[in-house]
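Asks: Assembly of the complex is requested from the two constituent chains, each provided in isolation within its own frame, with the hints serving as guidance.
Chains as they are written, first to last, in the numbering used here: chain A, 1 to 113; chain B, 1 to 117.
It should be emphasised that the hints constitute simulated quantities derived from the structure, not laboratory data.
A couple of the hints might just be wrong.
Listed next, the stretches of chain B that the computed footprint assigns to chain A, with coverage defined by at least 3 CB atoms under 8 Å from CB atoms of chain A [unchecked claim]: (1) 72–86; (2) 96–104; (3) 108–114.
Keep in mind the model is a prediction, meaning the values are calculated, not measured.
Note that beta-carbon positions come from the ideal geometry of N, C-alpha and C, so glycine has one too.
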Amino acid sequence: AQSVTQLDSQVPVFEEAPVELRCNYSSSVSVYLFWYVQYPNQGLQLLLKYLSGSTLVKGINGFEAEFNKSQTSFHLRKPSVHISDTAEYFCAVSGESSYKLIFGSGTRLLVRP
Amino acid sequence: GAVVSQHPSRVICKSGTSVKIECRSLDFQATTMFWYRQFPKKSLMLMATSNEGSKATYEQGVEKDKFLINHASLTLSTLTVTSAHPEDSSFYICSATTGTRGFNEQFFGPGTRLTVL
Numbered sequence: 001a002q003s004v005t006q007l008d009s010q011v012p013v014f015e016e017a018p019v020e021l022r023c024n025y026s027s028s029v030s031v032y033l034f035w036y037v038q039y040p041n042q043g044l045q046l047l048l049k050y051l052s053g054s055t056l057v058k059g060i061n062g063f064e065a066e067f068n069k070s071q072t073s074f075h076l077r078k079p080s081v082h083i084s085d086t087a088e089y090f091c092a093v094s095g096e097s098s099y100k101l102i103f104g105s106g107t108r109l110l111v112r113p
Numbered sequence: 001g002a003v004v005s006q007h008p009s010r011v012i013c014k015s016g017t018s019v020k021i022e023c024r025s026l027d028f029q030a031t032t033m034f035w036y037r038q039f040p041k042k043s044l045m046l047m048a049t050s051n052e053g054s055k056a057t058y059e060q061g062v063e064k065d066k067f068l069i070n071h072a073s074l075t076l077s078t079l080t081v082t083s084a085h086p087e088d089s090s091f092y093i094c095s096a097t098t099g100t101r102g103f104n105e106q107f108f109g110p111g112t113r114l115t116v117l
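If we strip away everything but chain B, and leave its shape as in the complex, we get (with noise of 0.2 Å):
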């Protein structure tokens, strides 16, 4: 149980357009998913918390306007780099939790690798 996916696993797009990436729970309902962004050889930085029906709360540094978060339902979050460009190049994760509390576990999505030509 408790399976995430993302969709795509990996995706090459050119500068200047926008790629959606998906993370779903299969076998559970979310009521918060993560989406984070990993560099090349460095840890995960949490990029924003999504809840089901409501705005994506952002971390400090990461323009909302770039990287849009949408929350359709309890199984399914999407995130859209817009205007991509090379420096977005990176493995994006998204992670999905059935509670709020520290003790919540996450459960992680196999990861999608983006590089913008």
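For reference, chain A alone in the conformation it holds in the complex (with noise of 0.2 Å):
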């Protein structure tokens, strides 16, 4: 079966600071990975995904996520991040057998002025 862990539940972070939130999957098949990003009272956007070819994906608002199949992770970063990211961010996990999206328990930026 799949999962997918986000240790951190809240990450506070200063005004165009870098950031890296960490996720971290397990399964026994190929996966794909996504991570969303979800503003209140609103529904999930699609920020950016793995699903095969190089390991450096880069995504939408400056994001981008390392794909490393040895640790079974796949943090997302910004190397500057605005009060605007501020929002909770879930990584997800689907396989070639499955294409149900395993949802991780969420990461709450909080970007601080």
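Replies: Here is the structure:
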């Protein structure tokens, strides 16, 4: 069975500082990995996804993530955050054997001025 | 492109009444739609998978008679919460996809906030 772990429930960071949101997954088969952002009282917006190929994936709003198969990780990074990046971030996994998305528990990014 | 809408965005109802939530794919035909439930400050829990013209597949622990799902066309799925109770209050989010492989992106609606008094 697949699972996703986001160890940090909240990450406070000052504006213009770099940030990394951690995501680890477990799966016995090939996986597809996703990062979504959710603003208050809204649905989810796809930031980026890893399907295959280059392990460094670039997404919208200046975010990027690196797929590390040996460490079963897919951490999200941004070199300089803005106040507007304050939101909930979800890591998710699906696989060849199942199209269902399994979500992590989410990480709240709180950007302070 | 790939826009998914939900209606209503917010609904308040009395205990015992039924509430219908619509999920529409506006600019594409969705072979599959998913319904999720999200509790405050919690992750998304998949409730059911809906395919056009067939019965929905419910996740373990989700009452199919409580949460009725109808997928009438390739652009519309509805979730009806029957005989709603306060414990059904939650944020319901749908998503739609054009394929049933793991790499097919799910496009999410904006969500519906249900409050049962």
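Asks: Each hint should be assessed against the structure and marked as holding or not.
Replies: Taking the hints in turn, this is what the structure says about them:
1. Coverage of the stretch 72–86 of chain B by chain A is violated in this model, with 0 residues showing a Cβ closer than 8 Å to a Cβ of that chain against a need of three.
2. Coverage of a stretch by a chain is defined here by at least three residues with a beta carbon nearer than 8 Å to that chain's beta carbons; for the stretch 96–104 of chain B and chain A the count is 7, and the condition holds.
3. With 5 residues carrying a beta carbon less than 8 Å from a beta carbon of chain A, the stretch 108–114 of chain B meets the three-residue requirement, and the given coverage holds.
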